[in-house]
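Assemble chain B onto chain A, guided by the hints.
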Amino acid sequence: MTTTHGPALGIRAKGLTKTFGTKTAVNGLDFSVEPGRVTGFLGPNGAGKSTTMRMILGLDAPTSGTVKVNGHRFTSSPAPLREIGALLEAHAVHPGRSARNHLRWLAASNGIPTTRVGEVLELVGLDSVAGQRAGRFSLGMGQRLGIAAAMLGDPSVLVLDEPVNGLDPEGIRWVRTFARQLADEGRTVFVSSHLMTEMALMADHLIVIGQGSILADCSMQEFMTDHAQSYVRVRVKTADVGVASEILAASGLVVGRHHGASGPELHVQGLDSAGIGEMLGRHGIVLHELTLVSSSLEDAFMTLTADSVEYSASEVAA
Amino acid sequence: MTTATLDRRAVRPGFIDALRAERIKLLSVRSTWWTLLALVVIGVGGTILICAPNAEWLSEPGADEAPGSFITGGIVFAQIFAVVLGTLAVTGEYGTGMIRATLAATPTRGRVMAAKLVVIASTLFVVGTVTALLSYYAGNYFFEKAGIGMALEGDVARSIYGSGLFLAGSGLFAAAVGFILRHTAATMSIVLALMLVVTNLVLLIPGDTGRWITKLMPANAGSVVSTPVPFNPTLLDAWTGFGVFAAEVGALVLLAWLVLRRRDA
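So the sequence lines, in the order shown, correspond to chains A and B.
Here the first sequence stands for residues 1 to 318, numbered as in my numbering.
Here the second sequence stands for residues 1001 to 1265, numbered as in my numbering.
Treat the hints as calculated values from the structure; they're not laboratory data.
No false leads were slipped in.
Just a sample of chain B residues kept apart from chain A, beta carbon distances all over 10 Å, derived:
#	residue
1	1063
2	1161
3	1203
4	1240
Quick partial rundown of chain A residues pointing at chain B, CB under 10 Å, derived from the structure:
#	residue
5	20
6	57
7	73
8	78
9	82
10	92
11	96
12	97
13	100
14	111
15	152
Glycine included, every Cβ here is placed at the ideal spot set by N, Cα and C.
In isolation and in its complexed conformation, chain A is listed as follows:
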């Protein structure tokens, strides 16, 4: 990969807004996707991820705001497939056409030599089934074909909408490794998902979106520190619970009283387990349990987006 595209590499959105009738799908997004790293685009279903990606590709016109790819609107790209490789959510393939012919017409549309078709088929491991009709492909093979199509033009920017959706563990790992590799080559990689766990393993940077607005835009590391909360679970004799709680609270720690599986317990934040143990020890309180509990990133994501999930389970129940 060379940096022959000028200074403004990557994707830049400014005030990007899309409304469908009275419904605002995407609301004033400002973000940038930088080259050389995998940027995860995370949000619950219906958050506006696909709409944003379609606007990047010029398929949907923004109601207001702009989104530019490598410094210009994608629709004015001189060589679209060499600029952006896109994997779209729906398998944008005619079921009656063979994988090779699907790639052939795509290559032809951008003046890409046919020899490149064989290369990308090999790249994604579909060379042995290239003559088969795409309609017979499994979900995983379909995703691979989509990635082969995205790689046809050896693009500097990749936009992958839910690339691991429906894949088996082996396929998921393949996509993850592949995305990482593309970023390491200096490309801009923008990957959407509704699965936090998947993003945690793949992305360097995270843009979290809920109901069309950005909820977080930070490095994966920052996100973990800020949102993945941990606490120390403390269990003492039932008679000591009240005293222990007062002692800890008096030292400025955040203490919550809960009923766990084995009786009452305290959830303490603000000090590590050793410090808590020593503090209670000085007051002669016998500890039954002292455990550091990390809430998962998935929990953090759920907490962050809880208010923005369009159709939550409780709503359905009510």
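This is chain B only, laid out in the frame that chain A set:
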């Protein structure tokens, strides 16, 4: 590993590239070949079915129809498959979501549309002309036996490539409607109903109004060029009619382009 051999000197793709892509698309699905095969078989077969039993009668002095009205008689049936081809080439992309891949690869939407229309029209012109030529030879075999054979010249020759033009126009008509409706069944039923049913229903409208509507209906105006002598003598002349048909197709294509340009894909 991913960069392999692709030349990084960006070649600015143009209309020719879009044309190549559309040609590959059209020829790489089976439905195209089945549709074209059906067009030829039904076109030629239809002509035989019309000419064979009528040859004797047409040679008699009291015949009130001209053999020229029969010699490309199958083309009216072939028209159905031209409509199917034009529809599928467009709505097939919407049904599968492939239109997004197409427009992401070629964001200049007018170019995509123009390339598609050129490929549809040229394919149908060639296949339609060949079908008409085969129809002529097949039908004329029976006419010659009855002593009323026609030479391949004048209006007869014009009806051969005229059939190609009429079928190409019918395919474009359907393709344009396809871009507007984006749905296979809706496009096919509306276009076929218009071409085959409404075209004949308007004959029932009385007076001058009815006569003019009949003359101007796309399938009426466009089909005169595909036959040496039209069955209905009140229709427009071959090239006047075709001009009207071409203008109708052109207006639909313009509308389709305006819609495609503005609409989210």
